[in-house]
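**Q** Following the hints, position chain G against chain P.
These protein sequences, in sequence, are chains P and G. Our numbering applies: residue 1 is where the first sequence begins, and numbers increase by one. Our numbering applies: residue 1001 is where the second sequence begins, and numbers increase by one.
It is possible that some hints are incorrect.
[What the hints assert, rightly or not] Cβ pair distances, simulated, as ranges:
| no. | chain 1 | residue 1 | chain 2 | residue 2 | range |
| --- | --- | --- | --- | --- | --- |
| 1 | P | 14 | G | 1218 | 31 to 39 Å |
| 2 | G | 1307 | P | 183 | 45 to 53 Å |
| 3 | P | 9 | G | 1037 | 56 to 64 Å |
| 4 | G | 1055 | P | 118 | 33 to 41 Å |
| 5 | P | 243 | G | 1296 | 29 to 37 Å |
| 6 | P | 118 | G | 1003 | 48 to 56 Å |
| 7 | P | 52 | G | 1116 | 46 to 54 Å |
| 8 | P | 52 | G | 1109 | 40 to 48 Å |
| 9 | P | 9 | G | 1218 | 30 to 38 Å |
| 10 | G | 1265 | P | 257 | 24 to 32 Å |
The set of hints was computed from the structure by calculation and includes no laboratory data. Since this is a predicted model, take the numbers as computed values, not measurements. Even for Gly, the Cβ is constructed at its ideal location relative to N, Cα and C.
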Amino acid sequence: MDHGLEERVGAGRRLVRSPAFLAPVALIFVLAAMAVSPELFGAGDPFDCSLSRSLDGPRSGHPFGFDLQGCDYYTRVLNGARSSLAVAVLVVVLTGLIGIVVGSLSAMRGGWVDAAVNQLTDVLLSVPLLLAAAFVMTLVGDRGVLEVVVGLTVLSWPPMTRLVRAEVRSLHSREYVDAARALGAGKMRLLRRHILPNAIWPILAFAAGFTAIAVAAEAILTFLGAGLELPAISWGLMLAQARFRSVAAPHLLIPALFLSATVAAFVFLSEACRRVFEADD
Amino acid sequence: MGGFVVRRVARGALTLVLLALLVHGGLALLPGDPIRALFAPLDPDPEIYQALRDQYHLDERWIVQFLIYLKDMFTGDWGHSFPTNIRGGALRGAPVMDIVKAAGPTSLRLIVPSVVVQLIAGAALGTIAAVYRGRIGGRAVYVAAVALLGIPVIALAYSLQTTFAWKLGWVTMTGLTGWPTYVLPVISMSLTTTCLLILFARSRMRDVLRQPFIKTATSLGIRKRRIVWIHAMKVSMASFITLIVANIGQLITSLIIVETIYSIPGLGHLLYTAIYDRDRALLLAMLVVSTGFVVVANMLADAAHFVLDPRTRTGDGQD
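In isolation and in its complexed conformation, chain P is listed as follows:
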């Protein structure tokens, strides 16, 4: 059962003060701080490595032990937050922009534009994302954050576009929008002042959930050897290194914990946002 639009405003105000919203937001803030400045959390130089301590376990001053190259793992893991969040946030911002522009256009114009957008999204939605990304990325040499972001964005913009299109279409036929139209509001004004602001919670909920997917996608792509490449510092690369070595050195799996915490934070945030527009206790 959907909340009406009036209830959404009240539910939104209540949400931003509720722990279901504040807890994941706090965790995301910590992770973002980690991404911006790992030094704040006591990380040293991620390239200060010595093979003599390769795969050594945790000890005092080095709580997470050392990786294969003998680098301090605590430092590496904290630095890994940067590429993870950078890729995810950029992908979500870009797919969000594409989704809002293309989705609104498709819904407001209708006709052949709508049909073309629908057909194209139909095709891309049938393609398994990770498999397609793995193929596209093997065509690209020297893959950095930018390359991975472009690859993931090109393949994953349809769901957000579909969502925006559906929201705009449904709000477009509401009475209050008709009223504004009768008062002489142009299409752009209708969209900016009356339609998109009311679609904000579904879009936010989707964006948060999609951030979780993008974080996992980057790690998995990188793990498979089709994402970021050394010398980049990424949880996916660390987990690839842990393959076959996790028995001798279980501390190599610590990035999996950080990865899960990041994904979980965005999943919980998405659920909290969803409850604003779907009456749910």
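**A** Chain G in isolation, oriented as in the chain P frame:
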């Protein structure tokens, strides 16, 4: 019903042709000579070079190439993986069809139980969460589903393997030998979609249980348990199947990760090696073939809707 089937199949076929067009057109636009790139940095022997150009019809016009490609895909000639010893004169690697036939059954032994677990666990737990939503049990299922949704398959597969196979030594760490070795890979493959289905089934069941036909059934004196698990479940089942089919991409991702981490020699493991070997021919063929499976699975899901939920047959009951 005839019209429904024809329209649905036409839509699926159009999707596949458009995908082939995107892929084929995109690759044709890439600069450089694909055969020379195979041999780089060496120069190919002129005879082998021409033989390869003929084999891939590269001297034909683009539209002819595209039509040959379409014909081959639909007749089961899915292309070849890159030859492993091209400089030794091999013109083609193993046919993709043979590779799928050889490694496919191993993967199916993971996919089938995973889908069954997803459907049963997701539908049952989601229904429990919907029926007992105000109470501690329902809330626990809901919160657990959201929390477990946050564990990516890569983290899950590793931690299960390390904890249960290595630390506790309950099962072997790799391979599929006997049913206990299926437990960890299947759990790793099913968890994410199961949690998604729990959340979906929870809100779906809640809506269904508010519908008039449930009230009718209650007033007829049918027991509540029967109403929930037989009547409401039957109406909702088609949408649950649709959700699982919509997450085939997730299933394929999980298959690659799980087969890689547990060293199971199926299609997923093969894709992992294909990425490392830069075997683009195999990757591309598998991408197109698996998209074909997604399209077919979507059609089957629609057919399930048609059979299980009579309201969709009129064309206006779709939600």
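**Q** Does the Cβ pair residue 243 (chain P), residue 1296 (chain G) satisfy 29 to 37 Å?
**A** holds, 33 Å
**Q** Indicate whether the distance between the beta carbons of residue 1307 (chain G) and residue 183 (chain P) respects the range 45 to 53 Å.
**A** Holds, at about 49 Å.
**Q** Within 46 to 54 Å or not, the Cβ separation of residue 52 (chain P) and residue 1116 (chain G)?
**A** holds, 51 Å
**Q** Does 48 to 56 Å hold as the CB distance between residue 118 (chain P) and residue 1003 (chain G), or does it fail?
**A** Since residue 118 (chain P) and residue 1003 (chain G) have Cβ atoms about 20 Å apart, the given range 48 to 56 Å is violated.
**Q** Using the Cβ atoms, figure out if residue 14 (chain P) sits within 31 to 39 Å of residue 1218 (chain G).
**A** holds, 33 Å
**Q** Quick check: does the Cβ-Cβ distance between residue 9 (chain P) and residue 1037 (chain G) fall within 56 to 64 Å?
**A** About 58 Å separates the Cβ atoms of residue 9 (chain P) and residue 1037 (chain G), which means 56 to 64 Å holds.
**Q** Is it true that the C-beta distance of residue 52 (chain P) to residue 1109 (chain G) lies inside 40 to 48 Å, as the hint says?
**A** With Cβ atoms ~45 Å apart, the hint holds.
**Q** Do the Cβ positions of residue 9 (chain P) and residue 1218 (chain G) conform to the proposed distance bound of 30 to 38 Å?
**A** holds, 36 Å
**Q** Just tell me: holds or violated, for the beta carbon distance of residue 1265 (chain G) and residue 257 (chain P) against 24 to 32 Å?
**A** holds, 29 Å
**Q** Is 33 to 41 Å respected by the C-beta to C-beta distance linking residue 1055 (chain G) and residue 118 (chain P)?
**A** Between residue 1055 (chain G) and residue 118 (chain P), where Cβ atoms are some 38 Å apart, the hint holds.
Hint 6 from the list above is the single one not met by this structure.
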